[in-house]
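Protein chains: 2
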Amino acid sequence: MKYIESNPKDDGFRMPGEFESHDGCWMLWPERTDNWRNGGKPAQKAFTDVAKAISRYEKVTVGVSAAQYNHARHLLPPQVRVIEISYNDSWVRDCGPTCVINEKGDVRGVDWDFNAWGGLDGGLYFPWDLDDLVAKKICDIENIDVYKAPMVLEGGSVHVDGQGTLITTEECLLNPNRNPNLSKAEIEEVLINFLNIRKIIWLPDGVYLDETNGHVDNLCCFARPGEVILSWTEDKSDPQYARSSAAKEILETTDDAMGRKLKIHCLDQPDPVFISKEESEGVDTAEGTLPRLPGDRLAASYVNFYIANYGIVMPVFGDPHDKDAVEKMKKIFPEREIIPIPAREILLGGGNIHCITQQIPLRKN
Amino acid sequence: MKYIESNPKDDGFRMPGEFESHDGCWMLWPERTDNWRNGGKPAQKAFTDVAKAISRYEKVTVGVSAAQYNHARHLLPPQVRVIEISYNDSWVRDCGPTCVINEKGDVRGVDWDFNAWGGLDGGLYFPWDLDDLVAKKICDIENIDVYKAPMVLEGGSVHVDGQGTLITTEECLLNPNRNPNLSKAEIEEVLINFLNIRKIIWLPDGVYLDETNGHVDNLCCFARPGEVILSWTEDKSDPQYARSSAAKEILETTDDAMGRKLKIHCLDQPDPVFISKEESEGVDTAEGTLPRLPGDRLAASYVNFYIANYGIVMPVFGDPHDKDAVEKMKKIFPEREIIPIPAREILLGGGNIHCITQQIPLRKN
Chain A
1 MKYIESNPKD DGFRMPGEFE SHDGCWMLWP ERTDNWRNGG KPAQKAFTDV AKAISRYEKV
61 TVGVSAAQYN HARHLLPPQV RVIEISYNDS WVRDCGPTCV INEKGDVRGV DWDFNAWGGL
121 DGGLYFPWDL DDLVAKKICD IENIDVYKAP MVLEGGSVHV DGQGTLITTE ECLLNPNRNP
181 NLSKAEIEEV LINFLNIRKI IWLPDGVYLD ETNGHVDNLC CFARPGEVIL SWTEDKSDPQ
241 YARSSAAKEI LETTDDAMGR KLKIHCLDQP DPVFISKEES EGVDTAEGTL PRLPGDRLAA
301 SYVNFYIANY GIVMPVFGDP HDKDAVEKMK KIFPEREIIP IPAREILLGG GNIHCITQQI
361 PLRKN
Chain B
1 MKYIESNPKD DGFRMPGEFE SHDGCWMLWP ERTDNWRNGG KPAQKAFTDV AKAISRYEKV
61 TVGVSAAQYN HARHLLPPQV RVIEISYNDS WVRDCGPTCV INEKGDVRGV DWDFNAWGGL
121 DGGLYFPWDL DDLVAKKICD IENIDVYKAP MVLEGGSVHV DGQGTLITTE ECLLNPNRNP
181 NLSKAEIEEV LINFLNIRKI IWLPDGVYLD ETNGHVDNLC CFARPGEVIL SWTEDKSDPQ
241 YARSSAAKEI LETTDDAMGR KLKIHCLDQP DPVFISKEES EGVDTAEGTL PRLPGDRLAA
301 SYVNFYIANY GIVMPVFGDP HDKDAVEKMK KIFPEREIIP IPAREILLGG GNIHCITQQI
361 PLRKN
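Residue numbers (my numbering), protein chains in the order written: chain A, 1 to 365; chain B, 1 to 365.
Bound conformation, chain A alone:
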């Protein structure tokens, strides 16, 4: 593994859409007891279900601490590879590499700066030094060379169509707790150069109370080029209504990089989800880590799913909207199996299935 001094755009590499072919998927085992309740055991069960589901479609590697290696190896099925790695928490979408590919099928990684969703100004825990090394380490294991991008960015804060269009949120990317010294134009320039983008669609805000400062991957994603899926609610009294409506208006009135109008699929969100007293009490109190307080609303969304090679692993919440969401997903993706996974235990940690996964594109070399 080596760092490459140029940038992907100059070298003819682009970030593919998640719906393009994968070599495999990475995850990181949930362990920290100040974020995952009951010693991480319920979350480990949910992560295991996600890993099992994805491993039906592509290779899965789960990174784990030395302390949890044997336990993870015991719970995960044999086809899942388990590798020791150190990290601060298990959000590999955000701390892992963003992979880019060229026409020959060579794959390289982009290693962003990582500051735990806001650094000392609203970041979710301290320190985040081990997370910041995860992208590099994964690329090393996968024999992928790396571009170091000169900007704080989490993988979950951008989605692309693989054809030059990127969607993101102003709430996150323009938040002064990420890149206070970069202007919007300078941030765009980095995205253009490091993901090979021609059109950036700026949505104003992400999902209400999303502790990532509104990652787009909880609000909106590409199903394929020209088609997006938007987390939605018809309840005008829900603070999410204004957020989703504002996003929809922009999506309806903006062309993508290829000059297409976007087809928009709206996916009704589940009823509001709140942390219970029992759930809150299962989380260790720690200085510097966002507390999980009883009654706090969680940023639940069906859009936070993972697209695997021939399947989609999507969160469900034991909610009346689950059934409609799964049915709608089947219609949007007739070419893929839809696997619903109960994801409340992942949501309790602050994210969902997309946040805990990171694809490696299929290499042809």
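Derived by calculation from the structure, the hints in this document are not laboratory data.
Keep in mind that the hints are not guaranteed to be accurate.
Here are the computed lysine to any residue pairs in the SDA-like style, where the Cα-Cα straight-line distance is at most 25 Å [to be verified]:
| hint | chain 1 | residue 1 | chain 2 | residue 2 |
| --- | --- | --- | --- | --- |
| 1 | B | 2 | A | 142 |
| 2 | B | 52 | A | 3 |
| 3 | B | 136 | A | 75 |
| 4 | B | 148 | A | 79 |
| 5 | B | 59 | B | 291 |
| 6 | A | 59 | B | 59 |
| 7 | A | 364 | B | 66 |
| 8 | A | 148 | B | 136 |
| 9 | B | 148 | B | 12 |
| 10 | B | 59 | A | 3 |
| 11 | B | 136 | A | 56 |
| 12 | B | 148 | A | 68 |
| 13 | A | 41 | B | 130 |
| 14 | B | 2 | A | 316 |
| 15 | A | 59 | B | 2 |
| 16 | B | 2 | A | 79 |
| 17 | B | 364 | A | 236 |
| 18 | B | 2 | A | 23 |
| 19 | B | 52 | A | 145 |
| 20 | A | 148 | B | 2 |
| 21 | B | 2 | A | 67 |
| 22 | A | 52 | B | 12 |
| 23 | A | 59 | B | 363 |
| 24 | B | 52 | A | 143 |
| 25 | B | 2 | A | 56 |
| 26 | B | 136 | A | 364 |
| 27 | A | 236 | A | 316 |
| 28 | A | 59 | B | 23 |
| 29 | A | 364 | B | 363 |
Under 10 Å between C-beta atoms, here's a sample of chain A residues computed to sit facing chain B [to be verified]:
| hint | residue |
| --- | --- |
| 30 | 1 |
| 31 | 63 |
| 32 | 70 |
| 33 | 85 |
| 34 | 127 |
| 35 | 130 |
| 36 | 145 |
| 37 | 148 |
Glycine included, C-beta positions come from ideal geometry on N, C-alpha and C.
Chain B: place on chain A using the hints.
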């Protein structure tokens, strides 16, 4: 990765000779300051030289702690893969998997019990729990399924010709600090079943003062089927003389598994090597770890080399015998390049180049 209940012999797998084709080589970064002098820095330099040399011929992966990851990544060249792993010390020959292969080219690992060369009865450090997991973890990373062998054994205590012959030493394998509850016949049965062996050649002792209790890989190895290389001295006053002579007599009078007489190449050992006062003072004192005392003789031998795909990486000591040893090796292996590496810093830790390497056979599937 999964554990397989049967054994390699029943499944048609055999341990190949080290001279057969490799997929790659594993090493572990030297770090413990109670074994490697001056914070491990001189040994890290020597290990880097070994990794660089081997990487000219095959893939090299170096396992490293989280604490040393960045430093190892910085010192090692880009073509060497660096992966985080936990271990007690860096002797991957002994704690790593012994790989077996079948006619189709499938590769599996054998995971022996490991007790740090003697457990509580003369073992070299305590604890050794992380070392004992290394074989499993390497197989997991390499996507290799594993046989769990019911016996304490280190990879450096056996050599095979890939055609049914194994050489080992009674000093090590019959030492009561390894498998006190197994008879010689029972130990042979495990070797027969787990390495697919038909003939075991028992040499009495290894190299004088070898702290592994006489690992064969410091005394004698196969150059190819029917040919062995033996560490030798003409100095009858040296305690090594009786050991090498006894081994030679057995090698001269024993047929291999194919009924061949063995061709024996004798490689004169270097002059006796002693730990200096300065070297001793660079090693941390620790309870439970073998001390490195000034004036202690080290078990130096040229036979402790690594056979890579088209090259051989062999230790030299700045000794008058170096030149002859290298020349002789060139004659024994006309088909391979001979790369001499100054290895005193590895020897000071208690082993040599073969001890710090472990090959993965070339897979055809």
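Structure-based check of each hint:
1. B:2 x A:142: OK: residue 2 of chain B and residue 142 of chain A at ~21 Å, within 25 Å.
2. B:52 x A:3: holds, 18 Å
3. B:136 x A:75: Cα-Cα ~15 Å, so holds.
4. B:148 x A:79: Status holds; Cα separation ~18 Å.
5. B:59 x B:291: violated, 34 Å
6. A:59 x B:59: holds, 22 Å
7. A:364 x B:66: Given pair residue 364 of chain A, residue 66 of chain B is violated - Cα atoms ~31 Å apart, limit 25 Å.
8. A:148 x B:136: violated, 33 Å
9. B:148 x B:12: Holds, at roughly 16 Å.
10. B:59 x A:3: The hint holds at about 19 Å.
11. B:136 x A:56: holds, 23 Å
12. B:148 x A:68: holds, 21 Å
13. A:41 x B:130: Given that 25 Å is the threshold and the Cα spacing comes to 23 Å, the pair holds.
14. B:2 x A:316: Not satisfied, since the Cα-Cα distance of roughly 31 Å exceeds 25 Å.
15. A:59 x B:2: holds, 15 Å
16. B:2 x A:79: Since the Cα atoms of residue 2 of chain B and residue 79 of chain A sit roughly 8 Å apart, the hinted pair holds (cutoff 25 Å).
17. B:364 x A:236: violated, 61 Å
18. B:2 x A:23: holds, 21 Å
19. B:52 x A:145: holds, 18 Å
20. A:148 x B:2: Roughly 36 Å separates the two Cα atoms, so the pair is violated.
21. B:2 x A:67: holds, 20 Å
22. A:52 x B:12: violated, 31 Å
23. A:59 x B:363: It holds: about 19 Å lies between the C-alpha atoms, which stays within 25 Å.
24. B:52 x A:143: holds, 16 Å
25. B:2 x A:56: holds, 17 Å
26. B:136 x A:364: Judged against 25 Å, a Cα distance of about 29 Å means the pair is violated.
27. A:236 x A:316: holds, 23 Å
28. A:59 x B:23: Holds: residue 59 of chain A and residue 23 of chain B sit about 20 Å apart, inside 25 Å.
29. A:364 x B:363: Holds. Residue 364 of chain A to residue 363 of chain B sits at ~19 Å (cutoff 25 Å).
30. 1: holds, 6 Å
31. 63: Holds - the Cβ of residue 63 of chain A comes within 10 Å of chain B, reaching about 9 Å at its closest.
32. 70: holds, 7 Å
33. 85: holds, 5 Å
34. 127: violated, 13 Å
35. 130: holds, 7 Å
36. 145: holds, 8 Å
37. 148: violated, 13 Å
Figure legend: structure checked against the earlier numbered hints; hints not met, in rising order: 5, 7, 8, 14, 17, 20, 22, 26, 34 and 37.
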